[in-house]
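Make a model of the complete structure from these sequences and hints.
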Amino acid sequence: MNKKTLPREITETALKFAFLRSVPAHIFHVSYLLIFLLTIIVLHSGCDRENVSIRIPQYSTHEIVLKAGQEYKNAYTDVEVWAVFTNQDKDTMLRPAFWDGGSIWKIRFAPLDSNKIWHWRSFSSNQSDKGLSGKKGSFMSVSRQKTNGLLSEGPLKISPGKRSVIHHSGKPFLMVANTGWASPFRATVDQVEEYAVSCQNKGFNTVLLAFLQTDMKAEGPNERNTPLGFKRAFRDQKDGHLNEMEVDYYQYLDKIIDTYLRHEIVPVIAPLLHGYGWKGLDVIGNKVKPEEYLRYCRYLLARYGSHPAMWLLSVDGGGFAPGITECGEMLEKWDAYKQPTGLHYNPFDETIATWAVSMPDPKLYCLHENKTHQDKNWLDFQWAQTGHDGLHLYNKVEKMYYNLPTKAVAAGEPTYEGMNGGKLGLGWWQGEDAWNELMHGGTMGVVYGAAALWQWKITVDEPGWEIWTDQPMSWKEAKEMEGSIYAGLVAKILKEYNLTDIEKRWDLSEGKPLLAKEGKLYIAYMNEGGQIRINSVPAGMHYRWVNPRDGHVTLSNQTNEGLFTAPDTNPWVLIISENP
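Residue numbering for the sequence shown follows my numbering, beginning at 77 and increasing consecutively.
If you're looking for bench data, these hints aren't it; they were derived computationally from the structure. Worth double-checking, as some hints may not be accurate.
No more than 27 angstroms apart at the CA atoms, straight line, and that leaves these computed lysine-lysine pairs for DSSO-like [claimed, not checked]:
#1 K233 <-> K166
#2 K307 <-> K568
#3 K247 <-> K365
#4 K365 <-> K238
#5 K212 <-> K166
#6 K447 <-> K182
What follows is the structure in structure tokens.
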């Protein structure tokens, strides 16, 4: 945050909290605003270098614990807490706090710099609670630790060209995602460890997660790893509300998220689902009050927003559900790290689903063209869904690639492997789809899923799902399906190359699939081998033919002309780069 714009930003911040609590702005008394602004001035003027005992490595999360001095009937809803962090260069960052049970609130902050003194001060919507308001401290950011290849590069952000994700360190991040959607509310930590190891070994660096079970009419034991069971995150969720939090659910979820991060896997945080849900039993995402969804998203930002993450504000919908706009605007103001925020659509971008025909306004769910909120500053990426009919539908990402203003694009839900009773999307189908989605404009990355894995089935015969979305496996068997190998290989094959803001450049290859950073990097996918002529490739660049089924390099040489011939008629990936 630029110090020259600080007064306006902080004023907006205070007013925003009035909105978050559904309280008229005039309740924030003028004297409170003056105290707030004067505190920032003091923080800015008091950042001279001094000795501090706490050392926090760059990009590492520092946790601050506050203890309320007053009791609250519902601590989750009754008070908002946040902190202002300012370093000696007058860089200022805001971080919300989260309630962690009893009288405890916590603030998690990761410095983006090193060798800087940081000062912080806490604020609360209840100024009289001196345990939450006016607390302060200092620490020094130091050089980052490189023990974890993900965490040591810092949180994520969108690239300068808006087509890719990168770390705050500048390191490229090509998303290759798996779909453990239901693991937050069904899996144990030990099971997530097993799944994360499998994902990491195959090359996956991202996992899509539903942060609570969203079907209001779902029933079963309040237990993990139990047939029909799922842990409850809110006691009133079955009634369409998000006010009565079970904080122990999120304390356990902390361990699950830490497990993914330890295996260098980024969580894509979906607060709610808006379409089919878990079992198709009336999702809360389309009925929740906007202010409740807003409060919940802010809570997740506070709890999980200091490490690498992405925000998926709508899943399997049309992008118009209650609270999506409000949450997007909140993240734009309150996410100090500006981590990527996006939408995941249902497959009805150009048609009206049969289930939507009788609705008062089907356009709230269908005919969205995968571009709802395209012009909003808070939106960074758009994900299409092709449906689960076993069809390769690359035209969706191809259209999205050209939408303006530019957003990062991916096929967020192709046919999951084993859908329709184990019949669809099997084996190499997944590899072919992943490479072609990339080539057609889905340059943010690729997503893989499997039936029985996404819903985290506990046993092979656990009931509860329609045949089109199920197969006779548990999550254990489903995680090792053949197609996951080919999808994960996308990350392994491209790991050493900087694809940041790479462009779809079929114009350079006579209409054949090609991504290019002209003069620096070219990537072509040839589904049946053959020849490809690429214009503008400088002489002396290095090229190699890579087998996308096993990652093996068959032929490597230097370029002397623009015509390249695949080793045979099988699928091949051609990579042309400046360095061997």
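Now for the hints, and whether the structure bears them out:
1. K233 <-> K166: holds (22 angstroms)
2. K307 <-> K568: Answer violated: K307 to K568 is near 35 angstroms, above 27 angstroms.
3. K247 <-> K365: violated (39 angstroms)
4. K365 <-> K238: Distance ~31 angstroms between K365 and K238 Cα, so the pair is violated.
5. K212 <-> K166: holds (16 angstroms)
6. K447 <-> K182: violated (36 angstroms)
Hints 2, 3, 4 and 6, counting from the list given before, are not met by this structure.
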